[in-house]
Amino acid sequence: MEYTKNDCDIFFTTESIPLKFGGLTRAMFRRAYLFSKRFNNEIQILTFKYSLELDEIKDYLNQEKFTNDKVRVINMYDFLSELESNKKDGNIEEISIDRHAIKESIENGTVKEFKGKNNTLRKKEYLQNGKLILIEEYNNFGDLIRLRKFNQGYLASEYFYRSDQSIYMIKEFDSTNKSKVKEILLLNKNQNVFKRFKSHRNLQMFFMERKINEHKKTYLINDSRKMDELIINFNKKPIKKLFVIHSTHLRPPYDVFSTVRLGNRYLFNNIGLADGIVFLTEHQKKDVVERYGERPTYNVIPHFIDKGSKEKIDKKLDTRFVVVSRLHEEKQLDHIIRAFKLVDDAGKSFVLDIFGMGKEKDKLEEMISELSLQNKVKIHGFTENPSKEFSNSIGSILTSKYEGFGLTILESLVNGCPVIAYNLKYGPSDMIEHGVNGYLVEPNNITELAETIKGYIALSNQEKNNMYMNASRSAAVFSEEVFLENWKKAFEKADYYSRFRYTVAKKEDIKNKLEYIYFDKNGLNLQISTSVVNKQYKTILQDLKEVLIEVNDKQWQMKREKQSNKEKVINSLTISFESLKSCLEYGDRFHISYYVNLDNIKNKAILKYELENNLVKKNIFSFDRDIYTLSNLDDLRLQLERKKVKGFKGWMKYWKYSSYFNK
Numbered sequence: 000m001e002y003t004k005n006d007c008d009i010f011f012t013t014e015s016i017p018l019k020f021g022g023l024t025r026a027m028f029r030r031a032y033l034f035s036k037r038f039n040n041e042i043q044i045l046t047f048k049y050s051l052e053l054d055e056i057k058d059y060l061n062q063e064k065f066t067n068d069k070v071r072v073i074n075m076y077d078f079l080s081e082l083e084s085n086k087k088d089g090n091i092e093e094i095s096i097d098r099h100a101i102k103e104s105i106e107n108g109t110v111k112e113f114k115g116k117n118n119t120l121r122k123k124e125y126l127q128n129g130k131l132i133l134i135e136e137y138n139n140f141g142d143l144i145r146l147r148k149f150n151q152g153y154l155a156s157e158y159f160y161r162s163d164q165s166i167y168m169i170k171e172f173d174s175t176n177k178s179k180v181k182e183i184l185l186l187n188k189n190q191n192v193f194k195r196f197k198s199h200r201n202l203q204m205f206f207m208e209r210k211i212n213e214h215k216k217t218y219l220i221n222d223s224r225k226m227d228e229l230i231i232n233f234n235k236k237p238i239k240k241l242f243v244i245h246s247t248h249l250r251p252p253y254d255v256f257s258t259v260r261l262g263n264r265y266l267f268n269n270i271g272l273a274d275g276i277v278f279l280t281e282h283q284k285k286d287v288v289e290r291y292g293e294r295p296t297y298n299v300i301p302h303f304i305d306k307g308s309k310e311k312i313d314k315k316l317d318t319r320f321v322v323v324s325r326l327h328e329e330k331q332l333d334h335i336i337r338a339f340k341l342v343d344d345a346g347k348s349f350v351l352d353i354f355g356m357g358k359e360k361d362k363l364e365e366m367i368s369e370l371s372l373q374n375k376v377k378i379h380g381f382t383e384n385p386s387k388e389f390s391n392s393i394g395s396i397l398t399s400k401y402e403g404f405g406l407t408i409l410e411s412l413v414n415g416c417p418v419i420a421y422n423l424k425y426g427p428s429d430m431i432e433h434g435v436n437g438y439l440v441e442p443n444n445i446t447e448l449a450e451t452i453k454g455y456i457a458l459s460n461q462e463k464n465n466m467y468m469n470a471s472r473s474a475a476v477f478s479e480e481v482f483l484e485n486w487k488k489a490f491e492k493a494d495y496y497s498r499f500r501y502t503v504a505k506k507e508d509i510k511n512k513l514e515y516i517y518f519d520k521n522g523l524n525l526q527i528s529t530s531v532v533n534k535q536y537k538t539i540l541q542d543l544k545e546v547l548i549e550v551n552d553k554q555w556q557m558k559r560e561k562q563s564n565k566e567k568v569i570n571s572l573t574i575s576f577e578s579l580k581s582c583l584e585y586g587d588r589f590h591i592s593y594y595v596n597l598d599n600i601k602n603k604a605i606l607k608y609e610l611e612n613n614l615v616k617k618n619i620f621s622f623d624r625d626i627y628t629l630s631n632l633d634d635l636r637l638q639l640e641r642k643k644v645k646g647f648k649g650w651m652k653y654w655k656y657s658s659y660f661n662k
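Under our numbering, residues 0 to 662 are what the sequence shown spells out, in order.
Any given hint could be a false lead.
[Claimed, not checked] Here are the simulated lysine-lysine pairs, DSSO-like style, with alpha carbons at most 30 Å apart:
hint, residue 1, residue 2
1, LYS215, LYS492
2, LYS400, LYS360
3, LYS179, LYS48
4, LYS57, LYS148
5, LYS225, LYS487
6, LYS148, LYS114
7, LYS48, LYS36
8, LYS340, LYS377
9, LYS362, LYS377
10, LYS114, LYS64
11, LYS375, LYS347
[Said to hold, decoys possible] Label pairs and their in silico Cβ distance ranges:
hint, residue 1, residue 2, range
12, PHE113, GLY380, 36 to 46 Å
13, LEU18, ASN374, 33 to 43 Å
14, LYS453, LEU18, 24 to 34 Å
15, ARG250, ASN521, 43 to 53 Å
16, GLU560, TYR153, 56 to 66 Å
17, LYS360, GLU14, 20 to 30 Å
18, GLU432, GLY262, 25 to 35 Å
19, ASP54, LYS360, 22 to 32 Å
20, ASP54, GLU432, 39 to 49 Å
21, SER257, ASN139, 39 to 49 Å
22, ILE91, VAL255, 49 to 59 Å
What the hints contain is simulated information worked out from the structure, not anything from laboratory work. Even for Gly, the Cβ is constructed at its ideal location relative to N, Cα and C.
Please take these sequences and the hints and turn them into a complete structure.
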């Protein structure tokens, strides 16, 4: 399938673009540029957060060539400032706004002024009796762009201004509820209200509704977990929704079933509503499949490396290592410095240059000084040309707590610079072949990291040269062509699977009922019915994959009955006496637990059984003439007992139940 400008619209969404941004945002812009060039589409990047630096951000993006005539960033507030009403907005409400009365006189107050670059006024804060009551914000041209009023320390209202100083939006807040939005008004240039909203989410929905053309095929690619809920619930226009996972979805210890990070929960709890999910590594997809089940909407599309990222290697600096990273706690750069202290103590020659910016800078420089490494380890600022730094180094180091892919690894490899990295989730093992183009080290093992660096330094020049060549060659699989082909396939799958969206039933919306539990000649018989309480789900059959019964940690899968329907699913099971003997002793007290497997998400619970006369037949026989008793205990446990039948009375009891069950 070819994607041309007339075929479809492609939107990216992210909450905001900061003035100085990192790898996630940079990767999004690189993808946007490549799409615009190869698919011949205009790529619109929608952002939703207000910023006093909007003008500076637009100038920076333009100067650095992140945006052009085919890659455009459209901020919601900029868009709304130029918006006029149309017929769909309903009646125009004429209201009286005295722009001069908004700013009330302040008696006995103080004013604080804040200047920006070139000594231009950017903000004024008005205080009365030490309390903040008003904030005015200005753009680079000295125009008022936002005014904020406070009441008893809480935000009461906000006014947003066009360049002609007319108001285009008013936000009213509930000061009794921690500044929660009470109402949002949109105003035309005549200062009349043409739209009202009760929440920020509704305002964002309106913005997207106005931007998206329902008569064209539209792909919306979301790069920000903060926007997942908005995108998943936006159904006013026919769009294909794809979500890019840039980082780990797990909390420590990063096992398959570790707690999901808060920002990722909405997406994974509504995974059936995504038309495409893009992982950067096979390893992360594998973990998600193990936990949530395989889906045809999953895609693995690593970052690509463009041809311009490779520098010509004149000569490697024999002992130079490099780190290109944000100076942030999660990057654990202190591990690298401590490891090189061990390398220094071993008498090995090296130079370590660290490039980056961040709040950990002072702390790291203090550590370098304390370890007497000032002559060997230096922290530089942000580098505009990381490729040059990699090409002049014999190795780079990465010791993050977690990554989504680690674009710096790819940039290092393509420039013939082997990487020594913690084998963390996710990324390094997808790019680094241990001992071939780099080394994988046990996470947080500083001693092993130091030993690996020492071993690498000790290699002969020929062995190092082989690794340089291996590193450069290994990056070839991350080409633009492979990247684009993978995205084409993701678009095609999204086209198809957008017709089959569904909401996975939540555990609390599933009602399970024990229909019966009793013994007969075959063993323990159970039947459970499962139904959906919340009617938003299309069908319980779609969500309910299986029901497992567990007795003392041994599991049996229940069989679905033919009379299952959309509202109710019947599952039954007979557990033989031989099977029961393998997991419990007669006289044991035990729970019967069950797993309701909802769309491959297993939820475990204790079976809340009520043993009544019409539910359980007691003292039922087996062929070896044992009598089995199932007793209901007060703590929701069962007790299984067995007795031998003896004599004429026992035989009559056996015959009685045999006649009953052979009717």
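Hint by hint, here is what the structure shows:
At roughly 18 Å between alpha-carbon atoms, LYS215 and LYS492 fall within 30 Å of each other, so this suggested pair holds. Pair hint LYS400 plus LYS360 holds up; C-alpha atoms about 18 Å apart against a cutoff of 30 Å. Proposed proximity of LYS179 and LYS48 is supported: the alpha carbons are some 16 Å apart, at most 30 Å. Between LYS57 and LYS148, the direct Cα distance comes to roughly 27 Å. Compliance with the 30 Å bound is thereby established for this hinted pair.
For a cut-off of 30 Å, the pair hint linking LYS225 to LYS487 stands: about 26 Å separates their Cα positions. Restraint check for LYS148 and LYS114: the C-alpha separation of about 20 Å stays at or below 30 Å, so the hint holds. With a C-alpha separation of about 28 Å, the suggested pairing of LYS48 with LYS36 holds against the 30 Å cut-off. With a C-alpha separation of about 13 Å, the suggested pairing of LYS340 with LYS377 holds against the 30 Å cut-off.
Taken as a hint, the LYS362 and LYS377 pair is honoured in the structure, with Cα atoms around 13 Å apart against an allowance of 30 Å. With a C-alpha separation of about 28 Å, the suggested pair LYS114 and LYS64 falls inside the 30 Å cut-off, and the hint holds. Pair hint LYS375 plus LYS347 holds up; C-alpha atoms about 11 Å apart against a cutoff of 30 Å. Distance hint for PHE113 and GLY380: a CB-CB separation of about 25 Å, inconsistent with the stated range 36 to 46 Å.
Judged by the Cβ atoms, the range 33 to 43 Å given for LEU18 and ASN374 holds: they are separated by roughly 35 Å. Checked against the hint of 24 to 34 Å, the C-beta distance between LYS453 and LEU18 comes to roughly 41 Å, which is inconsistent with it. Hint check: ARG250 to ASN521, Cβ distance near 46 Å, so the stated range 43 to 53 Å holds. The beta-carbon spacing between GLU560 and TYR153, approximately 58 Å, falls within the hinted interval of 56 to 66 Å.
LYS360 and GLU14 have their C-beta atoms about 26 Å apart, which keeps the hinted 20 to 30 Å range intact. Distance hint check: the CB atoms of GLU432 and GLY262 are about 32 Å apart, consistent with the given range 25 to 35 Å. At about 28 Å, the beta-carbon gap between ASP54 and LYS360 stays in the expected band of 22 to 32 Å. The supplied range of 39 to 49 Å is met by ASP54 and GLU432, whose beta-carbon atoms lie about 47 Å from each other.
SER257 and ASN139 have their C-beta atoms about 46 Å apart, which keeps the hinted 39 to 49 Å range intact. Here the CB-CB span from ILE91 to VAL255 is close to 56 Å, well matched to the stated 49 to 59 Å.
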